[in-house]
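> Please model the complete structure; the sequences and the hints are all you need to start from.
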Amino acid sequence: MNFLYELKSFLFPKNVLNFNTASPVHPASRGIPVPTKKMQEGSGNLSESAKVCPTKAIRIVSDSEVQFDYGKCLQCGLCTERSEGKLRDSGFIYTFALNREELKVTYLSGRMKKVSDLPFPLTANQKQFQKLTKKRGFLYREVAAAGNNTVESELNASFNSVFDSEREGVRCVASPKHADAIVFSGPVGQNMAAPLETAWEVMAEPKALIACGTEAVSGGLYPMGKLPKEPDLYISGDPPRPDVILQGFRLLMGRFSFQFQEALHKILENEK
Numbered sequence: 001m002n003f004l005y006e007l008k009s010f011l012f013p014k015n016v017l018n019f020n021t022a023s024p025v026h027p028a029s030r031g032i033p034v035p036t037k038k039m040q041e042g043s044g045n046l047s048e049s050a051k052v053c054p055t056k057a058i059r060i061v062s063d064s065e066v067q068f069d070y071g072k073c074l075q076c077g078l079c080t081e082r083s084e085g086k087l088r089d090s091g092f093i094y095t096f097a098l099n100r101e102e103l104k105v106t107y108l109s110g111r112m113k114k115v116s117d118l119p120f121p122l123t124a125n126q127k128q129f130q131k132l133t134k135k136r137g138f139l140y141r142e143v144a145a146a147g148n149n150t151v152e153s154e155l156n157a158s159f160n161s162v163f164d165s166e167r168e169g170v171r172c173v174a175s176p177k178h179a180d181a182i183v184f185s186g187p188v189g190q191n192m193a194a195p196l197e198t199a200w201e202v203m204a205e206p207k208a209l210i211a212c213g214t215e216a217v218s219g220g221l222y223p224m225g226k227l228p229k230e231p232d233l234y235i236s237g238d239p240p241r242p243d244v245i246l247q248g249f250r251l252l253m254g255r256f257s258f259q260f261q262e263a264l265h266k267i268l269e270n271e272k
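For the sequence shown, UniProt numbering gives the first residue as 1, with consecutive numbering after it.
For the record, the hints were derived by calculation from the structure and aren't laboratory data. A hint or two may mislead.
No farther apart than 27 Å at their CA atoms in a straight line, the calculated lysine-lysine pairs in the DSSO-like style are these [what the hints assert, rightly or not]:
1) Lys38 / Lys56
2) Lys127 / Lys104
3) Lys229 / Lys127
4) Lys177 / Lys127
5) Lys266 / Lys104
6) Lys226 / Lys56
7) Lys134 / Lys177
8) Lys51 / Lys114
9) Lys113 / Lys56
10) Lys37 / Lys114
11) Lys113 / Lys266
12) Lys127 / Lys114
13) Lys38 / Lys114
14) Lys104 / Lys226
15) Lys38 / Lys266
16) Lys104 / Lys229
17) Lys135 / Lys177
18) Lys226 / Lys127
19) Lys37 / Lys113
20) Lys131 / Lys177
21) Lys37 / Lys266
Computed from a predicted structure; not experimentally measured.
This is the structure we're talking about:
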């Protein structure tokens with residue numbers, strides 16, 4: 001009886017994550033910084049927040065307009081600490097998108113300005129990749145392109161019994177020749193541009209390039225190196241959590257309906 005109970009617990013763990021009901025806001029995470037009601041008074045001393053941001057993700061346009069590039073954001077919390085209450089940690093962790101521009105957000109007097117032409121249309125390659133992978137999942141080869149190994153740690157964790165990447169049909173393989181996608185981390189240093197290019201070239205079409213981590217999305221603290229092409233998926237965070245990575249993969253496969261700016265706008269409006 002004990003053996004059967006243990007086998008059942010192993011095969012059907014109680015703490016396995018349900019991706020269909022998971023929330024983009026996590027109470028134990030800082031998430032991205034967002035304005036508070038105090039921003040209605042003007043940006044004021046927000047220049048201090050912009051100054052301490054390691055990746056220059058904050059741009060103050062005027063006293064009423066502030067722009068955030070969440071593709072550069074490390075979610076470190078330094079800007080909120082220096083904002084005198086005009087910024088707060090939102091706990092919003094789903095910082096991924098199929099288009100790089102969607103991670104750039106403008107706030108007017110503390111309120112998020114919605115982009116009128118959302119959703120951005122899928123590229124021909126994204127459509128082909130979704131058609132290939134929506135039902136069966138995909139195999140990927142990971143390339144550490146001058147990163148700090150934090151993304152690799154989170155990718156490793158994505159295969160544990162809680163997140164269970166293989167449940168979604170997503171597996172890491174040893175050779176790009178066997179892969180449907182390249183997942184790369186790091187800002188693509190000078191010595192890694194050629195290996196990344198080679199890994200990309202040996203793959204058969206259709207294939208996808210996935211930028212995983214803030215450094216891969218924007219360079220982070222470093223200059224962004226040369227890429228084989230524009231990525232098909234951008235997953236920001238330093239590093240992104242395993243569930244965030246897998247939700248991003250599900251978005252690329254067409255299994256998850258999500259738009260970064262739409263979800264962020266809805267959460268911010270509901271909190272007012």
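> Which numbered hints are broken by the structure, listed smallest first?
Violated: none.
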